[in-house]
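> Given chain A, work out where chain B should sit, using these hints.
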Amino acid sequence: MENTIITIASGKGGTGKTTVASCLAMSARQTVQFLDCDVEEPNAHIFLKPRLTREEAVSLDIPHVDHNKCSFCGRCAEICMFNALAVLADEVLTFPELCHSCGGCWTLCPEKAITTNRREIGLIKSGSAENIHFTQGELQVGTATSPPIIKAMKKTIQKNSLVIIDAPPGTSCPVVETMEGSDFVLLVTEPTAMGLNDLAIALQVVRVLDIPCGVIINRGTDVYSKVETFCRENNLPVLMKIAVDRAIAEAYAMGIPAVEAKPELREDFRKVLNHIKGVTAGERTCCH
Amino acid sequence: MKELVVISGKGGTGKTSIVASFASLLTNKVMVDCDVDAANLHLLLSPKIEERHQFYSLPKAMINREKCNGCGLCEDTCRFEAIKESTVNPLGCEGCAVCSRICPENAIEMVDTVAGEWFKSNTTYGPLVHARLGAAQENSGKLVTMVRSQAAKTAKKLGYDYIITDGPPGIGCPVIASIGGASLSLIITEPSLSGIHDLERTIDLLEFFGVPAMVCVNRWDICPENTEHIKEICRKRKIPFAGKIAYDNMVMLAASRGKSVVEMNSRIIDEIIKVWEKVFEVLCPNMKL
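Chains as they are written, first to last, in this note's numbering: chain A, 1 to 288; chain B, 1 to 289.
Bound-form chain A, shown alone (with noise of 0.2 Å):
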């Protein structure tokens, strides 16, 4: 059996993204690999409660300058597009908050006066409960850049297992980071002009990336039906609509997962899961 790695993700923020994920891995038959990339934020282990194990630091190699080889040409800051050192006449001052760690300083340094230091910049943690083994990562408050720690918890994937990963909100680098290599992406919104403008932006990005994709629609009512149009004419399928229920809010408020607060929704998450995997297996065609 291959891997299957679904993505949750959303352009806009709260529409029920970790809901649906913590849902769907609840729902599954089967042992699940549930990743939280929504590292800035992380909020499934909240519904999961898994019992974290393991824990592990993610740092970034950023500049370490030996002021006794270094000339001070000043051809590292030179190359350094994102202004993370600068030279001055007896003295290289480093930035280690605005290095993106791409080793021009250190490779091109014509002294070779540069070699590296380790900075921190998250967590990642990892435990389990129940049929799923999960892993979160967390960004250092303070801290810019999350891509290098979903990229980190990425590489955790293991064969043969089905995956479930929680992306962040939005629709630039975390989002990419998090969706590239998935086998399908199920994007969760709400019947609103923001989130209906929000998905359109968010399937722009899957369809970058030619991944399957399909939709639920979380909060549904009657009043806007603009968000189903668009599904219809972008060749998207609904694959569910959660209809607007105060107890599912009630429930998630106290960290009770939809699931447990309806049960009934139990074997909607599992059509959902079925239909995704028919897609990956290549049964259907879908959004391409």
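Some clues are possibly wrong.
What the hints assert, rightly or not - Quick list of in silico lysine-lysine cross-link-like pairs, DSS-like style, CA-CA up to 30 Å:
hint: 1; chain 1: B; residue 1: 288; chain 2: B; residue 2: 157
hint: 2; chain 1: A; residue 1: 69; chain 2: A; residue 2: 125
hint: 3; chain 1: A; residue 1: 151; chain 2: B; residue 2: 288
hint: 4; chain 1: A; residue 1: 112; chain 2: B; residue 2: 84
hint: 5; chain 1: A; residue 1: 155; chain 2: B; residue 2: 142
hint: 6; chain 1: B; residue 1: 2; chain 2: B; residue 2: 142
hint: 7; chain 1: B; residue 1: 157; chain 2: B; residue 2: 142
hint: 8; chain 1: A; residue 1: 69; chain 2: A; residue 2: 49
hint: 9; chain 1: B; residue 1: 142; chain 2: B; residue 2: 48
hint: 10; chain 1: B; residue 1: 2; chain 2: B; residue 2: 259
hint: 11; chain 1: B; residue 1: 156; chain 2: B; residue 2: 288
hint: 12; chain 1: A; residue 1: 155; chain 2: B; residue 2: 84
hint: 13; chain 1: B; residue 1: 274; chain 2: B; residue 2: 238
hint: 14; chain 1: A; residue 1: 112; chain 2: B; residue 2: 259
hint: 15; chain 1: B; residue 1: 142; chain 2: A; residue 2: 151
hint: 16; chain 1: B; residue 1: 236; chain 2: A; residue 2: 49
hint: 17; chain 1: A; residue 1: 226; chain 2: B; residue 2: 157
hint: 18; chain 1: B; residue 1: 153; chain 2: B; residue 2: 48
hint: 19; chain 1: B; residue 1: 231; chain 2: A; residue 2: 49
hint: 20; chain 1: A; residue 1: 125; chain 2: B; residue 2: 2
hint: 21; chain 1: A; residue 1: 49; chain 2: A; residue 2: 112
hint: 22; chain 1: B; residue 1: 238; chain 2: A; residue 2: 226
hint: 23; chain 1: B; residue 1: 259; chain 2: A; residue 2: 241
hint: 24; chain 1: B; residue 1: 2; chain 2: B; residue 2: 288
hint: 25; chain 1: B; residue 1: 120; chain 2: B; residue 2: 142
hint: 26; chain 1: B; residue 1: 120; chain 2: B; residue 2: 153
hint: 27; chain 1: B; residue 1: 274; chain 2: B; residue 2: 259
hint: 28; chain 1: B; residue 1: 156; chain 2: B; residue 2: 278
hint: 29; chain 1: B; residue 1: 120; chain 2: B; residue 2: 67
hint: 30; chain 1: A; residue 1: 159; chain 2: B; residue 2: 274
hint: 31; chain 1: B; residue 1: 236; chain 2: B; residue 2: 2
hint: 32; chain 1: A; residue 1: 277; chain 2: A; residue 2: 241
hint: 33; chain 1: A; residue 1: 154; chain 2: B; residue 2: 142
hint: 34; chain 1: B; residue 1: 278; chain 2: B; residue 2: 259
hint: 35; chain 1: B; residue 1: 84; chain 2: A; residue 2: 154
hint: 36; chain 1: B; residue 1: 157; chain 2: B; residue 2: 259
hint: 37; chain 1: A; residue 1: 226; chain 2: B; residue 2: 120
hint: 38; chain 1: B; residue 1: 238; chain 2: A; residue 2: 277
hint: 39; chain 1: B; residue 1: 259; chain 2: B; residue 2: 120
Rather than coming from a laboratory, the hints here were simulated on the basis of the structure.
Computed from a predicted model, the values in this text were never measured in an experiment.
Same frame as chain A, but now just chain B:
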């Protein structure tokens, strides 16, 4: 000039709806949408775009096939794993240009990339500076810095005293770019365990960068116990509590029609006005609204 930045940590807590409501309560201000990934404020304010500008990210690598001899040095050197078989994946390229510098054949060029657009617009409630980052692009922090500085310029030119910013979710690059040097940051949270978890990280972030914070609980009645818990966190961390806003289906309805809450006859308008008055007190301690 005073700049109020509305952020939330967790997405979907109601930042944009609340900013749009504030917009109708203050006259001499410029509004900014710093959620450049998934901008939404324009949906509630129906702006007329007056200026449109392209936004360039760092130039990205492109390999000239005719010059390339396939030695693979670039692939080995790229720390972003953005080069495979002498082809650059533009989504992975961060524009560091190391490959173009080490290529023995001089076969790699750095090419300008349009990564998005930013706009100056006018709305019923005043000027709005907003942007749209292209799908799957980098440098959202840079674009945020761009729209913020343009908003400051606009406010200065018009002699306005205030900037109200709708911030992005999270605590990473675009959020850091949104809050630096702001006068005050209002955190909109919700009384869920997720909301609380993210609120605490957001408070940590604001403390880290020395930006004064206030907290408002949206949809407080979904869980009154958690709302009390949030108040307790504010007390402990010495953060002024701006107030609470009840759950109202009308907000969803307003959002689905692309209107701001105060335009709808919602029962929560008074609560929003109270929050605004508290925020203004802290933003401008010696002034009356």
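> Taking the hints in turn, state whether each one holds.
Each hint tested on the structure:
1. B:288 - B:157: Holds, at roughly 24 Å.
2. A:69 - A:125: Given that 30 Å is the threshold and the Cα spacing comes to 40 Å, the pair is violated.
3. A:151 - B:288: Given that 30 Å is the threshold and the Cα spacing comes to 50 Å, the pair is violated.
4. A:112 - B:84: The given pair, whose Cα atoms are some 28 Å apart, holds under the 30 Å limit.
5. A:155 - B:142: Answer holds: residue 155 of chain A to residue 142 of chain B is near 29 Å, not above 30 Å.
6. B:2 - B:142: holds (22 Å)
7. B:157 - B:142: Measuring from Cα to Cα gives roughly 23 Å; hence the hint holds.
8. A:69 - A:49: Between residue 69 of chain A and residue 49 of chain A the Cα gap is close to 52 Å, so the pair fails against 30 Å, i.e. violated.
9. B:142 - B:48: Holds: residue 142 of chain B and residue 48 of chain B sit about 24 Å apart, inside 30 Å.
10. B:2 - B:259: Roughly 26 Å between the alpha carbons, so the hint for residue 2 of chain B and residue 259 of chain B holds.
11. B:156 - B:288: Holds: residue 156 of chain B and residue 288 of chain B sit about 22 Å apart, inside 30 Å.
12. A:155 - B:84: Given pair residue 155 of chain A, residue 84 of chain B holds - Cα atoms ~18 Å apart, limit 30 Å.
13. B:274 - B:238: The given pair, whose Cα atoms are some 20 Å apart, holds under the 30 Å limit.
14. A:112 - B:259: violated (60 Å)
15. B:142 - A:151: holds (22 Å)
16. B:236 - A:49: holds (27 Å)
17. A:226 - B:157: The hint is violated at about 40 Å.
18. B:153 - B:48: holds (19 Å)
19. B:231 - A:49: The given pair, whose Cα atoms are some 25 Å apart, holds under the 30 Å limit.
20. A:125 - B:2: violated (40 Å)
21. A:49 - A:112: Violated, because 49 Å separates the two Cα atoms, which is more than 30 Å.
22. B:238 - A:226: Measuring from Cα to Cα gives roughly 44 Å; hence the hint is violated.
23. B:259 - A:241: Roughly 24 Å separates the two Cα atoms, so the pair holds.
24. B:2 - B:288: holds (15 Å)
25. B:120 - B:142: holds (17 Å)
26. B:120 - B:153: Within the cut-off at roughly 11 Å; holds.
27. B:274 - B:259: holds (20 Å)
28. B:156 - B:278: holds (25 Å)
29. B:120 - B:67: Given pair residue 120 of chain B, residue 67 of chain B is violated - Cα atoms ~43 Å apart, limit 30 Å.
30. A:159 - B:274: violated (55 Å)
31. B:236 - B:2: Holds. Residue 236 of chain B to residue 2 of chain B sits at ~27 Å (cutoff 30 Å).
32. A:277 - A:241: holds (19 Å)
33. A:154 - B:142: Holds: residue 154 of chain A and residue 142 of chain B sit about 27 Å apart, inside 30 Å.
34. B:278 - B:259: holds (24 Å)
35. B:84 - A:154: holds (19 Å)
36. B:157 - B:259: holds (29 Å)
37. A:226 - B:120: Distance of about 27 Å is within 30 Å: holds.
38. B:238 - A:277: violated (50 Å)
39. B:259 - B:120: Holds: residue 259 of chain B and residue 120 of chain B sit about 20 Å apart, inside 30 Å.
Checked against the numbered hints above, the structure breaks hints 2, 3, 8, 14, 17, 20, 21, 22, 29, 30 and 38 and satisfies the rest.
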